[in-house]
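Engineer: Note that the protein sequences, when read in sequence, are chains H, U and L.
One point on numbering: in the numbering used here, the residue at position 41 of the first sequence is 41, and numbering is uninterrupted.
To convert, count from 1 in the second sequence and add 436; that's the numbering used here.
To convert, count from 1 in the third sequence and add 754; that's the numbering used here.
Wrong hints could be hidden among the right ones.
Unchecked claim - One-sided excerpt, in silico: chain U residues whose CB lies under 10 Å from chain L:
1. D511
2. P514
3. G517
4. T573
5. P581
6. D685
7. E688
8. N716
As the list claims (entries may be wrong) - Computed beta-carbon distance windows for the label pairs:
9. L/N826 / U/R515: 40 to 50 Å
10. H/L23 / L/K1023: 41 to 51 Å
11. L/S866 / U/R515: 28 to 38 Å
12. U/E580 / H/T298: 22 to 32 Å
Hints listed in this document are in silico derivations from the structure and should not be mistaken for laboratory results.
For each residue, glycine too, the CB sits at the ideal point set by N, CA and C.
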Amino acid sequence: MSTDFDQLVYDLAPRKFSWKGNLWVAILVVIILVGSYSYVQQVRQGLVITDMRDYALWGVYISNFVFFVAISLVGSLITAILRLSGIKWSTPLTRIAEIIAVAAIIMAGVTIIIDMGRPDRMLNLFMHGRLQSPIIWDVIVITTYLVISVLLLYYPLLPDFSILKRHAPESARVRKWYSGLSLNWVGNSEQRRIYSRSIKALSILIIPVAFAIHTVTAWLFETTYRPGWDSTNFGPYFIAGAFVAGAGAVVAVMYVLRKTYRLENYITDFHFNKMGKTLVLLCLIYLYFNINEYLIPTYKSTEEEAVHLQSLFTGQYATLFWTAIIGGLVLPVIILLFPQGRKPLPLFLVSIAVVVGAWWKRYIIVVPTLSHPFLPIQGVPESWRHYSPTWMEWSITFATLAAALLIITLLVRFLPIIPIHETSEERGLVDAAQTK
Amino acid sequence: MQNNLENDNKSRRKFLDKGLKIGVLAAAGSVALAKVFGYRLDEGAEETVELMSTDGTLMQVLSSQIESVPEKKIDYNPREGFPNRKFVMVVDLAKCRNAKKCQSSCNKNHYITGDNAWIKIYKMQDNEKSAPYWQPTLCQHCDEPPCVKVCPVDATFKRRDGIVLIDNNRCIGCRFCMAACPYSVRIFNWSDPWQGEKAESIPYSPDYSGVPAQKGTVDKCDFCPHMIDKGEMPHCVSACPNDVFSFGDLYEDTVTNGSGQSFQLSKLLKDRAGYRLMENLGTAPSVYYLPPSNRVIDFEEGLDNYTEFKSVEKSEGI
Amino acid sequence: MLGSVLAYAQDKKYRARVSLQYTKIMDKESYIGISAKYKGKDGFDQASDLEFSIYKVDQNDSLIYLGKVKTNENGKAKFLLAADELENEEATVFNYIAKIENNERFEDGETSVSFSVANLTAKIEMIDSVNQISAVLTDASGIPLQEVPLRVGLKRLYGSLQIGENRYETDENGSILIPLVDPMPGVDGNLNFEVVLNENDTYGTIKAMVNAPIGVPVVEESTFDERTMWSPPTKTPLYLLIFPNLIILGVWLPILILTFNLYRISKSKTQ
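Take these sequences, add in the hints, and give me the full structure.
Structural biologist: Right, dumping it as structure tokens:
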């Protein structure tokens, strides 16, 4: 007997990949393997396989790291902030947001290890760590955020796993995992009480930690003297940018999943409309911070800042800078101000532009500053004045991005993309099998 | 109830069984990984040595962690430094003609093989109308070192005697110190520096930097504590043919140049209007510069030696 | 082996330019200092790793072989003379020769030095509540030497700082007297002075050392023992120890409780 509830479960339960899903996984694995080969070379030969040298001492790896940290903030935004504000339309998106957040924060940790010159000495961070160092603060907050994000991903899964162990169209072994992971959830009053209080506590807890994680990452740059980094604006600036990037990522993923799993009944045009408006708001806030970051130093034009700004506005990095700002920020705002722009397909395309723009924006933050040290670059090979990442650097970077997508894919494969339990509660549907 | 207990036992057994399998696989996997990354596997079994720590307790230390320290005249802790000294250097810009002997002596004695000399002589001109001059720039051994502040693992440290050193056995290669240093004096060993038999055979100690250098770690000028220990001055000071460098102890208020002439530091800085680089950043450097006025040698004399895209010859290793 | 001698032709040998200086440090040692240079590609270079044979010329003008010495990387060598070398009352002038013999890189040659013995004594005393350093220069038989220029230096970590004027000439008693007015810093207030007769044609170089605890004790100003932002982790600033750890605790305690809550959920009695 097929009730509305059963229909809901059938729609939302994870299912095996079709050939398209398997192909997608295969492509990601290939990219990861190529990157792994490059990484082995890097461990053997040293970071010399990159184009980083004494002046461009941080490059694509670090900008990639900042990107991942930025994306991971979306978990706190959608899952925590919106939820705590009592907003209901975001419920179908919370799982996607949390999955993206967990994948991103894991890859952030991996990426920073990739950048280390001596990863074999990683334990020194714990044995000899100095609380005076912003890197140690970053290690602490990233670990904390990872744990909270996993908890915030796991808690709402408890009722879903409990539903899936009975109803999922999966093999018996998978259903056993669902059963085990559901931790004996039956939905009695005690469990519900613990559940709702815990989720509320996690939602409250994650917000300051999320702010901390990106503020501390911003401090990795702000605690130096270099022009372009020596800005009091950096903490809030990075957080605003993080929300933009994360929101874009959620839109992109939700569009793909909606199409692939035919979830049009659950992720509707209404949701796209709302995300579109959210994205516009976040982009405008970020634009405000960008104006503060770039326009006012131009007014003062101290010697070092002037060189740096000139390279961004009209010099070496001009194309990149303007493409990232206009293509990744200004145009999206303009398009999304119109209701037609907030329809699923245009919004999806805009979100891709936003995410790609966000990646290059982080590159713009990290790399140009290093080309303008206080003292002139002399007496070193000419190639040291420019930074253009080698194919190995790119392959490793793509591998980390592919790995993040792979984590998302694998989680999507086994976890219900839209919270079944919460959706059923919102729609007033009841599990017939549960009320015995 | 009985049923549940049996089930529990079954699942426990299954868990242990699975765990064991995973454990063996992990061990095999890490052995394979270690081989891939080129680590020698016999590094696992290590001897321990019994040592007494500074507060009198006995402890076991892996013998690989004990660095045999080269013969020292004065017995001191390389992390703490010489007592009752604070080393300063004075660079007389009026005398520098870009001879680069300081750079070649430093490169040679520290077996520097890459393109990155630790002391660089910049062609400077503060503004269009001011005179150009040569500025030898080395680690400033700041009293408020931004590099030491940001190091996450205590690999770079400031000593009692003012010298800032790097422990290349601790450095994780994050390069944050390089980003933090405004003087661009830190260099990185991007690849494995093959420095020749002699350098590789010297037991490593942080107070003789770069010998041997380690891939994936940071290096910089160390004010040559290994020379100070012998009662001699840093190599750049002795090598300069024009007596540009003077070196000494701030507490003694005396600096001595390569020819052996000594000056009272405070008087020298007053008479010659000595200054420090980027004073406004608050780093409090230990290197003072004497302005290039009343030049002893013309600036143009140094232009022949000026190489914009390479430093002076490296040591014999490469 | 490092050396400042770079490329050299196998057949052509350099001619070393050698100067010898007899130096006596009172109550300590006397030696013959050798400084060797040669004309290289661009200007003079120090002749390092160059071996000399040292001979003494006795009254019969015959050479007595004393030993060998090699220059260091700066082209300098020090050949110590035995304490009783110069205790020959009959001779007043001593002659020594340093020879380069059968050297691969340098032509054979010899350089000589001759000198007479003199003695220099120095002491520090308080006269009219001012510290003064005095010195007396006499020849081997104790006759004071007049109008000989001496200089006074304060020994520092490297070299010595000049005290007072460039030169002070000995008076008819062979002595000089210099007041030490300016405050001078020293470790534990200890100061080492030297009075020097520098490169005299007849007597060579003579140094007399004297020390006195009349200096200003050095006060260490380093921040090594303090808790600063650039200290090792054992000396973390207190506010960094307290507040971040409180915050971390304040976040992790809830995390642990929330994780424990999962356990509580799994153990909850059904229905």
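Engineer: With reference to the structure, classify each hint as holding or not holding.
Structural biologist: The hints, checked one at a time:
1. D511: Hint on U/D511: violated, closest Cβ of chain L at ~17 Å, above 10 Å.
2. P514: violated, 13 Å
3. G517: holds, 8 Å
4. T573: violated, 21 Å
5. P581: Holds - the Cβ of U/P581 comes within 10 Å of chain L, reaching about 5 Å at its closest.
6. D685: holds, 5 Å
7. E688: Hint holds; U/E688 Cβ to chain L Cβ min 5 Å, cut 10 Å.
8. N716: violated, 19 Å
9. L/N826 / U/R515: 40 to 50 Å: Given about 30 Å between the Cβ atoms, the range is violated.
10. H/L23 / L/K1023: 41 to 51 Å: holds, 47 Å
11. L/S866 / U/R515: 28 to 38 Å: Since the Cβ atoms of L/S866 and U/R515 sit about 51 Å apart, the hinted range of 28 to 38 Å is violated.
12. U/E580 / H/T298: 22 to 32 Å: For U/E580 and H/T298 the Cβ distance comes to about 30 Å; the hint holds.
Figure legend: structure checked against the earlier numbered hints; hints not met, in rising order: 1, 2, 4, 8, 9, 11.
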